[in-house]
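These protein sequence lines map, in sequence, to chains R and C.
Oh and the first sequence: position 110 is 110 in my numbering, straight run, nothing missing.
Oh and the second sequence: position 29 is 29 in my numbering, straight run, nothing missing.
Keep in mind that a hint or two might mislead.
[As the list claims (entries may be wrong)] In silico PhoX-like pairs for lysine-lysine, Cα to Cα no more than 25 Å straight-line:
id : chain 1 : residue 1 : chain 2 : residue 2
1  : R       : LYS98     : R       : LYS56
2  : C       : LYS15     : C       : LYS57
3  : R       : LYS98     : C       : LYS57
4  : R       : LYS68     : R       : LYS56
5  : R       : LYS98     : R       : LYS42
6  : R       : LYS42     : C       : LYS11
It is worth saying that the hints were derived from the structure and are not from the lab.
So you can see what is in the structure, the chains are spelled out below.
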Amino acid sequence: GESVGLHLPTLSVQEGDNSIINCAYSNSASDYFIWYKQESGKGPQFIIDIRSNMDKRQGQRVTVLLNKTVKHLSLQIAATQPGDSAVYFCAENENTDKLIFGTGTRLQVFP
Amino acid sequence: GAGVSQSPSNKVTEKGKDVELRCDPISGHTALYWYRQSLGQGLEFLIYFQGNSAPDKSGLPSDRFSAERTGGSVSTLTIQRTQQEDSAVYLCASSPAGRVGREQYFGPGTRLTVT
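Isolated chain C, as found in the complex (with noise of 0.2 Å):
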């Protein structure tokens, strides 16, 4: 079956312009997560959405980074006024349920860049 897909898989951007990432999840999948991998590190928990709950955004770095969770699937990751600390990785992951936490499935990523 289709994994997790995310788009778009580059994104060049300028200093002070707003970026939208997107992530599709396995179908199903109640759970989802969002990451950033800076070069060379770990993955940094961003915020995570499950079923109609509110979304712990306890990962966000700043105002600047919102997220929403349509119908409890598709996702879109908002970043305003980039910076170029913001150049990373944004990872996806989804979990199906009964296995948050456990099993997480995840996309290729998203390679942003803010020149």
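For reference, chain R alone in the conformation it holds in the complex (with noise of 0.2 Å):
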């Protein structure tokens, strides 16, 4: 079936700099899409979210875009944090009660 598709990767980032995570997506009839972030021992928790009808929107020191055409999902975070370290999941909706979520990018700060 269709799937929200992450490898599981690790991006490292210097404290201070700007942090780029990606998301691949298969489901062209996804309307909807979130970014959680999951710190160790934690459940997921929300961080910002997109309707299909948006190619961008901002939040507080996270941007997330949105490309339709090559079904392309990021999410930005700028003057990265060493709080910011954690797994990254992705999820999509396509107008239904349930959200696929992608396997997900663990993020290192490092000072």
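Assembly of the complex is requested from the two constituent chains, each provided in isolation within its own frame, with the hints serving as guidance.
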């Protein structure tokens, strides 16, 4: 079936730099996308979402970009901080009651 | 307010034993989800409850897995005759009416280890 796909890479960034985490999705009918952050030993926490009628949405230090043409989603974190170290998941929804989660990307922030 | 809570936080059991994992969703949330997360992996959907509707059990990996939701609130996930491959973190999430499939609030998970 269709799925949101991420291998589980590790992105290492220096504190203060910007981070970009990518996600490819395969379901062209998905109309809603979410990014979650999961710190060690905790459940995923909502970061930011975007609807398919938008291509960019900004939050506090985070920006989500959606490119429907190539079915690509990215999360940009500005001025990355040690507290941003976590696994980040993208998820999609096709107007159903369930989210489909990607595998995740581990973000490591070093001083 | 209180978030989603799960108990126990950790469970170690012997192969072949049954285990019960509990989830207390956010009060008033109509939807409740169970996921399984193996080490270094994403979230695998298990089962979904919405109001009084029949649960969506399409993600349960075998008939050893079952779940109940009593009174539209607390849910219990039961794994019978546990196997080593059942070792994982089991996450519960709930959603408010009108935001089902959109906002999901997760509990901290139960780490299950089958020895």
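Verification of the hints:
1. R:LYS98 / R:LYS56: Distance of about 23 Å is within 25 Å: holds.
2. C:LYS15 / C:LYS57: Holds - the C-alpha atoms of C:LYS57 and C:LYS15 are around 24 Å apart, at most 25 Å.
3. R:LYS98 / C:LYS57: holds (12 Å)
4. R:LYS68 / R:LYS56: Measuring from Cα to Cα gives roughly 11 Å; hence the hint holds.
5. R:LYS98 / R:LYS42: holds (21 Å)
6. R:LYS42 / C:LYS11: This hinted pair holds, its Cα atoms lying about 16 Å apart.
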